[in-house]
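The whole structure should be built from the sequences, with the hints applied where relevant.
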Amino acid sequence: MSDAMNQARGLLGQALEVGADSLPDDASMNSTEAWDSLAHIRVIAAIEDHLGGELDTMEILEIEQLSDIAAILERHAAAA
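Counting in the working numbering, the sequence shown tops out at residue 80, every number present.
Simulated from the structure, these hints should not be mistaken for lab results. Every residue gets a Cβ at the ideal spot worked out from N, C-alpha and C, and that includes glycine. Keep in mind that a hint or two might mislead.
Pair ranges (Cβ atoms, derived) [claimed, not checked]:
| # | residue 1 | residue 2 | range |
| --- | --- | --- | --- |
| 1 | Asn6 | Ala45 | 13 to 23 Å |
| 2 | Glu33 | Ala79 | 28 to 38 Å |
| 3 | Ser2 | Asp49 | 15 to 25 Å |
| 4 | Gly10 | Ala80 | 29 to 39 Å |
Quick look at the structure:
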């Protein structure tokens, strides 16, 4: 599993207030009960805190599943 996926899983678990180990690789807004609209705001905030800056609108709209978070983290790491 990639470092970005591990980081994404940790951020998502923190934002959803669930154990990161309980989140499957295909965790998504539609399949994860704890990931409601308010939790989605916490997900965005957790990513922004981790990155030390704001996500752009297109990145925010992209976030629907765990792999989307990992992709954002990978892009930001590559740009750093």
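Evaluation of the provided hints:
1. Asn6 with Ala45: 13 to 23 Å: For Ala45 against Asn6, whose Cβ atoms are near 20 Å apart, the range 13 to 23 Å holds.
2. Glu33 with Ala79: 28 to 38 Å: holds, 34 Å
3. Ser2 with Asp49: 15 to 25 Å: Given about 20 Å between the Cβ atoms, the range holds.
4. Gly10 with Ala80: 29 to 39 Å: violated, 19 Å
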